[in-house]
Amino acid sequence: MLKTYRNDRPYPFCPGCGHGLILNQLDRALVMLGRDPRRVVLVSDIGCQGLGDQYFVTNAFHGLHGRSIAYASGIKLADPDLTVIVLMGDGGAGIGGAHLLNAARRNIGLTVLVFNNFNFGMTGGEHSVTTPQGGITATTRGGNLERPLDLCTTAAANGAGFVWRGTAFDRDLADVMAQAMQSECFALLDIWELCTAYYVPNNAFSRQALEATRQKLGWPTGIIRRAEPETKEYARALNEAAAPRSAVPPLRPRPVVPRYTSGLAREFRLVIAGSAGGKVRSLARLLGEAALLSGLWATQQDDYPVTVQSGHSISELIFSPHEILFTGVARPDALVLVSEEGYKMARRYVEGLIAGSWLFTTPAFAGLETPARKVICDFEAAGIRESKKHLALLTTAVALRRLELFPLDAFADALRGGQRPEIAAESLALLAASASVSGREEEASR
Amino acid sequence: MREFIDGATAVARAALDAGCDFFAGYPISPATPLLLHMVRELPRCGGVAIQTEDEIAAISMCIAAAMTGRRALTATSGPGISLYSENIGLAIMGEVPLVIVDVQRMGPATGGATTPGQGDVQFVRWSTSGGYPIIALAPGSVAECYSLTRRAFDLAERFRAPVFLLTDKEIFLSMSTVALDSYEYPPVRPRALAPAQMDEPYAPYRPGPDHTAPLFSPIGGPHIVRFTGSSHDARGFLTKDPATVGRLNEHLWRKIEDHVAEIELAQADLQADACTLFIAYGITARAMAEAVRQVRASGRAVSALNVQTLWPIPERTLLQALAASADGPRAVTRIVVAELNLGDLRREVERVIYRWAATTGRRAPEIIGLNRLDGEMITPEQFMVFV
Ligand SMILES: Cc1ncc(C[n+]2csc(CCOP(=O)(O)OP(=O)(O)O)c2C)c(N)n1
Ligand code: SF4
Ligand SMILES: [Mg+2]
Chain A
1 MLKTYRNDRP YPFCPGCGHG LILNQLDRAL VMLGRDPRRV VLVSDIGCQG LGDQYFVTNA
61 FHGLHGRSIA YASGIKLADP DLTVIVLMGD GGAGIGGAHL LNAARRNIGL TVLVFNNFNF
121 GMTGGEHSVT TPQGGITATT RGGNLERPLD LCTTAAANGA GFVWRGTAFD RDLADVMAQA
181 MQSECFALLD IWELCTAYYV PNNAFSRQAL EATRQKLGWP TGIIRRAEPE TKEYARALNE
241 AAAPRSAVPP LRPRPVVPRY TSGLAREFRL VIAGSAGGKV RSLARLLGEA ALLSGLWATQ
301 QDDYPVTVQS GHSISELIFS PHEILFTGVA RPDALVLVSE EGYKMARRYV EGLIAGSWLF
361 TTPAFAGLET PARKVICDFE AAGIRESKKH LALLTTAVAL RRLELFPLDA FADALRGGQR
421 PEIAAESLAL LAASASVSGR EEEASR
Chain L
1 MREFIDGATA VARAALDAGC DFFAGYPISP ATPLLLHMVR ELPRCGGVAI QTEDEIAAIS
61 MCIAAAMTGR RALTATSGPG ISLYSENIGL AIMGEVPLVI VDVQRMGPAT GGATTPGQGD
121 VQFVRWSTSG GYPIIALAPG SVAECYSLTR RAFDLAERFR APVFLLTDKE IFLSMSTVAL
181 DSYEYPPVRP RALAPAQMDE PYAPYRPGPD HTAPLFSPIG GPHIVRFTGS SHDARGFLTK
241 DPATVGRLNE HLWRKIEDHV AEIELAQADL QADACTLFIA YGITARAMAE AVRQVRASGR
301 AVSALNVQTL WPIPERTLLQ ALAASADGPR AVTRIVVAEL NLGDLRREVE RVIYRWAATT
361 GRRAPEIIGL NRLDGEMITP EQFMVFV
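If you're matching them up, the sequences are chains A and L in order. For the first sequence, counting from 1, position 403 maps to 403 in the working numbering; every step adds exactly one. For the second sequence, counting from 1, position 40 maps to 40 in the working numbering; every step adds exactly one.
By construction, these hints were calculated from the structure, which means they are not laboratory data. Since the model is a prediction, treat every value here as computed from it, not as a measurement. In this text, a Cβ means the ideal position worked out from N, Cα and C, and glycines have one as well. Do not rely on the hints blindly, as some may be mistaken.
Beta-carbon label-pair distances, calculated as ranges [stated by the list, open to error]:
no. : chain 1 : residue 1 : chain 2 : residue 2 : range
1   : A       : Q309      : L       : D258      : 49 to 57 Å
2   : L       : E262      : A       : T153      : 53 to 61 Å
3   : L       : D181      : A       : A265      : 20 to 28 Å
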């Protein structure tokens with residue numbers, strides 16, 4: 001049992017600064033709990049209070065301004081049995097407000113001590129998120145106009161399991177700190193204190209003024225929230241969910257064993273241009289699988305807007321008997337064009353079509369001028385129900401029959417193996433139905 | 001045997017194989033697939049993965065977890081690297097092993113979320129204050145996504161420094177066919193640990209010999225550990241003593257710069273009688289490979305360099321490529337540096353070549369930029385006009 005968790009270095013703070021009082025109480029609290037100093041981490045913010053970790057014999061993590069709660073969270077997630085204590089100022093609570101709110105919301109087991117002296121001590125007494133209205137600081141010479149942030153009710157309303165407000169002079173501060181650490185909750189202690197270099201002289205502030213300020217605001221003190229003991233601590237909960245489940249290392253290669261052969265002698269570039277929601281990308285992926293099932297190499301590169309459910313969806317595919325080095329397609333050997341949105345973004349592919357290349361499309365694009373062999377597929381006329389929803393698959397199926405890149409059975413296998421059973425059944429039915437449409441081939445124009 | 005796979009899956013697999021057991025990230029195209037892989041797979045391996053409130057929290061948590069002994073990974077795109085900036089400095093200063101995946105998209109600002117770009121090359125190098133060196137690897141294929149991710153973890157552990165995997169939307173998200181026997185498995189060596197029993201108090205920042213990383217002891221482990229991002233002495237206490245500060249900063253510099261030979265990596269595909277040398281990385285290196293194939297198929301000669309470490313730039317390999325032919329009748333007279341920006345790597349190539357020319361008295365080859373900024377990829381045909 002250690003008699004103190006302090007080392008022999010003297011504090012560097014200005015005479016009368018509240019930081020030393022709070023650190024002394026922290027030492028008392030640590031002595032009360034008697035935890036192994038190697039299992040205790042002081043995560044200090046930046047500011048005068050952030051120097052505090054250097055006066056203790058525990059582990060220390062001194063990071064960047066405002067981020068101490070985020071580092072503390074990382075430590076706690078990595079090793080939930082550690083006692084993790086954050087030393088931060090009112091400055092850090094402001095710039096790091098997002099971390100404070102989210103740590104409270106998660107109820108991650110950190111003890112956060114806010115050394116709240118109503119201004120930035122280290123940088124020269126500028127105002128902070130907790131400066132009272134009317135407070136004189138280096139940056140509010142005429143008195144602060146902003147409302148101070150009530151850290152406690154904010155944290156409490158958002159899930160912090162242990163919330164307390166008081167001052168550096170409170171006799172029970174060490175007890176409260178010890179309770180906070182034992183609570184295994186996100187514990188926030190808003191500790192009001194004096195910055196004798198700036199806030200005190202600028203505002204004729206004093207120990208008595210702390211209480212007067214609080215009364216004026218009407219804010220509560222003491223323990224403001226204490227969660228039910230069974231409330232789950234976040235780092236433990238996340239780690240419990242992470243118990244090893246599978247003996248097989250994840251994401252193993254899923255080699256595709258060729259079951260078919262292909263007569264393809266050179267690289268073939270197929271572009272499918274349709275609309276978002278038209279299953280273009282999933283179709284392209286299955287075509288790639290089918291090519292591998294047939295002993296070919298394949299690549300797939302997609303283009304789509306950020307709004308995945310609207311606008312265009314274009315997949316470029318390359319099939320080849322040898323390794324494909326570059327995935328881009330400048331000029332397709334065949335273009336499957338099934339929607340207006342696809343057409344808008346696929347103009348360059350349409351323009352890249354030459355005599356000998358193919359265009360597979362719907363009656364809507366029958367008028368499109370192209371030197372390519374144009375095959376118009378009318379699935380509605382063939383009586384295929386809901387064909388509009390499945391134009392990409394249906395039209396590509398017609399193309400596959402004509403182009404003979406690989407056996408249709410390989411594609412059927414890919415449909416079967418790569419989708420949920422009910423979707424696979426639907427796709428296979430569509431593939432079968434598409435056989436009734438061979439497409440009307442139009443004279444090459446232009 | 002082959003598989004049909006994208007770069008994101010290859011990176012995730014490599015990270016797990018490398019022993020990654022901590023991931024924190026914030027969703028952003030085109031890096032999100034890695035976040036999804038990690039939150040799905042890491043818990044199954046006993047690891048922790050979390051989507052954080054923002055990128056600052058993501059890298060903060062990774063840095064802290066790494067100091068408890070975890071192998072940490074985070075992933076984002078350019079806008080997120082901007083938010084990582086200050087913490088990248090912390091990782092350098094605190095000597096933190098950390099792998100950062102940057103899946104580049106077109107910038108600046110929100111730019112093109114689903115549009116390829118390679119504009120972060122200089123950005124990652126100078127992404128934080130102070131100007132200290134970093135390591136950045138750029139996979140030129142899906143198979144390299146796997147091997148270079150392993151390598152990134154190895155380097156991060158060994159040098160106790162942030163290591164970038166700088167990739168791009170097309171390599172990361174496009175599906176490729178990869179022959180399983182083409183995967184390489186570079187070793188992932190763990191960081192050097194301080195012995196559990198020591199005669200004197202553990203000094204977390206005492207550099208190893210020849211400016212190697214200090215011996216590691218995890219927070220929560222056998223020793224009291226003091227981690228800090230402020231100028232510090234060997235025991236992790238703040239100091240302004242010029243001699244101590246100077247030594248520390250020189251150590252952070254030399255830890256990388258004195259060891260570039262162990263880090264730099266490039267694939268040189270040289271032809272003896274080629275006058276033209278192509279240089280590219282990432283997705284652009286794929287177009288380069290196809291261009292080389294076509295040029296040679298047509299009976300002409302060309303050399304190519306796939307740059308795999310953008311930082312440090314593979315100076316030795318580059319100069320060897322020049323020196324190999326420098327005295328022959330057909331020396332390299334033209335270098336084409338291709339990239340989806342206006343010359344991020346080219347300025348480094350120029351720096352290396354012009355200094356080489358100045359110190360050897362040789363004539364520097366002409367250095368040409370092949371650049372594109374319209375959101376489209378550089379094509380093999382664009383390379384071929386230079387031969
Ligand atoms: C990103 C960043 N912005 C600004 C600073 C400068 N800075 C140092 S300490 C500080 C505020 C400290 O105030 P507080 O947290 O209240 O601590 P105190 O000094 O009052 O204890 C600031 C703004 C910094 N270190 N980092
Ligand atoms: S400036 Fe203020 S906060 Fe800083 S040490 Fe002095 S009194 Fe304390
Ligand atoms: Mg303050």
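Consistency of the hints with the structure:
For Q309 of chain A and D258 of chain L, the hinted distance range of 49 to 57 Å is satisfied, since their beta carbons lie about 53 Å from each other. In this structure, E262 of chain L and T153 of chain A meet the distance hint of 53 to 61 Å, their C-beta atoms being roughly 55 Å apart. The supplied range of 20 to 28 Å is met by D181 of chain L and A265 of chain A, whose beta-carbon atoms lie about 24 Å from each other.
Consistency note: the structure conflicts with none of the earlier hints.
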